[in-house]
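Chemist: Let chain A serve as the given structure and place chain B on it in line with the hints.
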Amino acid sequence: MTFASVYEELFYKALRIRLVEERVIELYPSDKIQSPVHLSIGQEAVAVGACQSLKPTDLLFASYRNHAFYLAKGGDLRAMFAELYGKVMGCAGGKAGSMHLLAPEVGLMGSSAVVASTIPHAVGAALVAKRRKHEQVIVAAFGDGATEEGAYHESLNFAALHKLPVVFLCENNGLAVHSALSARQSYRIIDHARSYGLPVTCMPDGHDFMKVCEIFSGIVDHARQHRTPYFMEIQTYRYKEHVGPGEDYHAGYRSRAELEAWKAKDQLILNKELADRYRPTILQEIDDAVAFAEASPWPSREHLLSDVV
Amino acid sequence: MSTAHTGTHADEQLSSACPGEVVTYRDALFRTMRDALKQNPDVILFGQGVDDHKGIFGSTLGLAHEFGSDRVFDTPLAEEGMTGVAIGAALNGLYPIQTHIRADFVLLAMNQIVNLAAKYKYMFGGRLEVPMLIRMVVGRSWGQGAQHSQSLQSLFAHIPGLTVLMPASAQSILECYPYAIANQRGPVLAIEHRLMYDLKFRVDEVREKPNGSPLASHRVRVGKDVTIVATSIMVLEALRAAEHLARSAGIECEIIDLNCVSHIDAAMILESVKKTGKLLVADTSWKAYGVCAEVCRIVCEHSPASLKAPAVTLGMQPAPCPTAKSLEDMYYPNLRDLTDAIAKLVSGKGDHGIPLPDEHSMADVYKRFKGPF
Numbered sequence: 004m005t006f007a008s009v010y011e012e013l014f015y016k017a018l019r020i021r022l023v024e025e026r027v028i029e030l031y032p033s034d035k036i037q038s039p040v041h042l043s044i045g046q047e048a049v050a051v052g053a054c055q056s057l058k059p060t061d062l063l064f065a066s067y068r069n070h071a072f073y074l075a076k077g078g079d080l081r082a083m084f085a086e087l088y089g090k091v092m093g094c095a096g097g098k099a100g101s102m103h104l105l106a107p108e109v110g111l112m113g114s115s116a117v118v119a120s121t122i123p124h125a126v127g128a129a130l131v132a133k134r135r136k137h138e139q140v141i142v143a144a145f146g147d148g149a150t151e152e153g154a155y156h157e158s159l160n161f162a163a164l165h166k167l168p169v170v171f172l173c174e175n176n177g178l179a180v181h182s183a184l185s186a187r188q189s190y191r192i193i194d195h196a197r198s199y200g201l202p203v204t205c206m207p208d209g210h211d212f213m214k215v216c217e218i219f220s221g222i223v224d225h226a227r228q229h230r231t232p233y234f235m236e237i238q239t240y241r242y243k244e245h246v247g248p249g250e251d252y253h254a255g256y257r258s259r260a261e262l263e264a265w266k267a268k269d270q271l272i273l274n275k276e277l278a279d280r281y282r283p284t285i286l287q288e289i290d291d292a293v294a295f296a297e298a299s300p301w302p303s304r305e306h307l308l309s310d311v312v
Numbered sequence: 048m049s050t051a052h053t054g055t056h057a058d059e060q061l062s063s064a065c066p067g068e069v070v071t072y073r074d075a076l077f078r079t080m081r082d083a084l085k086q087n088p089d090v091i092l093f094g095q096g097v098d099d100h101k102g103i104f105g106s107t108l109g110l111a112h113e114f115g116s117d118r119v120f121d122t123p124l125a126e127e128g129m130t131g132v133a134i135g136a137a138l139n140g141l142y143p144i145q146t147h148i149r150a151d152f153v154l155l156a157m158n159q160i161v162n163l164a165a166k167y168k169y170m171f172g173g174r175l176e177v178p179m180l181i182r183m184v185v186g187r188s189w190g191q192g193a194q195h196s197q198s199l200q201s202l203f204a205h206i207p208g209l210t211v212l213m214p215a216s217a218q219s220i221l222e223c224y225p226y227a228i229a230n231q232r233g234p235v236l237a238i239e240h241r242l243m244y245d246l247k248f249r250v251d252e253v254r255e256k257p258n259g260s261p262l263a264s265h266r267v268r269v270g271k272d273v274t275i276v277a278t279s280i281m282v283l284e285a286l287r288a289a290e291h292l293a294r295s296a297g298i299e300c301e302i303i304d305l306n307c308v309s310h311i312d313a314a315m316i317l318e319s320v321k322k323t324g325k326l327l328v329a330d331t332s333w334k335a336y337g338v339c340a341e342v343c344r345i346v347c348e349h350s351p352a353s354l355k356a357p358a359v360t361l362g363m364q365p366a367p368c369p370t371a372k373s374l375e376d377m378y379y380p381n382l383r384d385l386t387d388a389i390a391k392l393v394s395g396k397g398d399h400g401i402p403l404p405d406e407h408s409m410a411d412v413y414k415r416f417k418g419p420f
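Protein chains in written order, with our numbering: chain A, 4 to 312; chain B, 48 to 420.
For the record, the hints were derived by calculation from the structure and aren't laboratory data.
C-beta atoms are modelled at their ideal positions from N, C-alpha and C, and glycine is treated no differently.
There may be inaccurate statements among the hints.
Covered, in the sense of this in silico footprint (three residues per stretch, anywhere, with C-beta under 8 Å from a C-beta of chain B), are these stretches of chain A [unchecked claim]: (1) 48 to 56; (2) 74 to 80; (3) 89 to 95; (4) 98 to 105; (5) 124 to 131; (6) 152 to 159.
Heads up, simulated DMTMM-like pairs for lysine to aspartate or glutamate below, C-alpha to C-alpha not over 20 Å straight-line [unchecked claim]: (7) Lys266/A / Asp211/A; (8) Lys334/B / Asp387/B; (9) Lys136/A / Asp89/B; (10) Lys355/B / Glu406/B; (11) Lys321/B / Glu299/B; (12) Lys214/A / Glu11/A; (13) Lys243/A / Glu11/A; (14) Lys136/A / Asp387/B; (15) Lys166/A / Glu299/B; (16) Lys214/A / Asp224/A; (17) Lys396/B / Asp384/B; (18) Lys166/A / Asp117/B.
Isolated chain A (complex conformation) (with noise of 0.2 Å):
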């Protein structure tokens, strides 16, 4: 598919991300997803903005909110829906579900649901892209929870210290499951990053795909040339609750006044006339994907113990 701006190119995939994930929405009644889901929607610009600077052979690690991630970096739609729906095409057999996505031929290094606990891989990695491969970039990508914990710290400091060339993304969506980061952090992130000597940007505008793109390809270049580590954070908003397809605003943790001053500035949702004009593609592109996963066969007895050790 040919494009012709980049703004263009980055509202396509961040749109296609969106409609997968309503589509997980408008399938999750039917049971046929068992899988827990963290939801991407209101993120999606971030992850578009930020892979699009990404090389097939640059590494990213990331968490259980991996959709976007998985789509931007170039994951197969229809080997993402397998996996949602626990069947043997899925991109791991069926064995990962929503939450341990993985498109290792394009660079995602897989996804772990436990908070933080990639961050030291990318680190690990960028140990061997800096002696070993000289144009390879990794990125980190992680919530503002996973910086509380000691593994974000040790990653941080290890870098600083070898001067690695890692870039962590810092997904700052304001929550931890239902928890504020003032009920969490004594600290302020970037300057905590900014402590262990890293070079940092915090970027408020999560919302704006082409700035993240713009400010990470910056990082990008940088680590790629200078082979040393960089920190970005960058403000976003998950439109949905922690985990599962729906909103949960009447909960009283957050107000819907804050969802609508984030929609009133989404261009997925302010750019009409380029929504509907990629809608119909996109939406063809999940149906064969959906109707891929639906054919696919369940992974039987002779899966059960493959792979192990």
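Modeler: Chain B only, in chain A's frame:
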């Protein structure tokens, strides 16, 4: 319960040792580390103090100098983070070897070992692998106390996806480590025993490898009267007790060194118990939920009628390890306890009348070093 090792080819040569040569446990470790670095440019070796003047009790001494700080390096005190770094390095093509001077510190890395390394191959449908070796040393004596003495094999061996080695000789190290580094595509944990570092072992011809892998259990003594299944330094204790009983009472013990406690050779144990009718399990750790319990489970499930007497188990007392020597000597089973237990089991009598060795502190026998470690 077959072994799950998938290696296609085992090095037929022992790593830099000739049959008949006498090699210390420490030297076997050093040789395997050095050979790994020399033979495979993808191997890196790191851990707290790996490049210092003590070099993990001599097992890594001089390797940073020889192979460069890119490949052999010290780490921050960050066990979880560094195990995660090892996983990431493995995912990007290296073979990391991580060291811990005490096994107790590995508890800080349990998240990465159990939730990540052990799961990655399976959880990702075989598409990711994390080949790596984690070495850890079990301390004992000179007041190691509660947090420098734990032998945590049952915690690790409980988890599918992990391969857990407990080398009981230099030979085991020389056979297993190079094999694991060359052939195992997942995480291998090696639990080494500090008291064995100075011991000298005669290296034999390459031993038979059931299933083509040296990561298997080995019958280290053949006998007809009792089957002793043991791990790590308890294999040596069992051998000493067996010699004593053969000399003083004509009792012939058969001894099985489990060696790879995560993949026990059940057939070897069952066959032996069928022959002897008696089972004694001697492990370096606590008995409950551990190797002792597991070996008894295997026999109870598959061949309970083989047992002509109730199984006997020996391990640490069910308490944290005390520091005072007077307590520590009671805490671990000693040669006298082990010999007595075997004699009772074989004779079927409490007052068997077989003379027992006058040895109450195993550490005094093995220990060549004095503090601070």
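Chemist: Run every hint past the structure and note whether it holds.
Modeler: Hint check:
Chain B is given as covering the stretch 48 to 56 of chain A, and this is violated because 0 residues of the stretch bring a CB closer than 8 Å to a CB of that chain, at least three being needed. For a cut-off of 8 Å, the count of residues in the stretch 74 to 80 of chain A with a CB near a CB of chain B stands at 0, and the three-residue condition is violated. With 3 residues bearing a CB less than 8 Å from a CB of chain B, the stretch 89 to 95 of chain A meets the requirement of three and the coverage assertion stands. Taking a C-beta to C-beta cut-off of 8 Å, the stretch 98 to 105 of chain A contributes 4 residues in contact with chain B, enough for the three needed, and the coverage statement holds.
Check on the stretch 124 to 131 of chain A: 8 of its residues sit with their Cβ under 8 Å from a Cβ of chain B, so the three-residue criterion for coverage holds. Residues of the stretch 152 to 159 of chain A lying with their CB closer than 8 Å to a CB of chain B number 5, which satisfies the three-residue condition for coverage. Between lysine 266/A and aspartate 211/A the CA atoms are separated by roughly 12 Å; this keeps the pair inside 20 Å, and the hint holds. The hinted pair formed by lysine 334/B and aspartate 387/B meets the criterion: a straight-line CA distance of about 18 Å does not exceed 20 Å.
Restraint check for lysine 136/A and aspartate 89/B: the C-alpha separation of about 13 Å stays at or below 20 Å, so the hint holds. As the CA atoms of lysine 355/B and glutamate 406/B are separated by approximately 29 Å, the hinted pair breaks the 20 Å bound. Between the alpha carbons of lysine 321/B and glutamate 299/B the distance comes to roughly 15 Å, so the proposed pair stays at or under 20 Å and holds. Under the criterion of a C-alpha separation no larger than 20 Å, the hint pairing lysine 214/A with glutamate 11/A is consistent with the structure, at around 14 Å.
For the hint pairing lysine 243/A with glutamate 11/A, the CA-to-CA distance comes to about 25 Å; that exceeds 20 Å, so the pair is violated. About 61 Å separates the Cα atoms of lysine 136/A and aspartate 387/B, which puts this hinted pair outside 20 Å; it is violated. Only pairs whose Cα atoms come within 20 Å are accepted, and lysine 166/A paired with glutamate 299/B is rejected, the gap being roughly 61 Å. Under the criterion of a C-alpha separation no larger than 20 Å, the hint pairing lysine 214/A with aspartate 224/A is consistent with the structure, at around 15 Å.
Distance hint between lysine 396/B and aspartate 384/B is fulfilled; the C-alpha atoms sit about 15 Å from each other, no more than 20 Å. Our distance criterion of 20 Å between C-alpha atoms is met by lysine 166/A and aspartate 117/B, whose separation comes to about 13 Å.
Hints 1, 2, 10, 13, 14 and 15, counting from the list given before, are not met by this structure.
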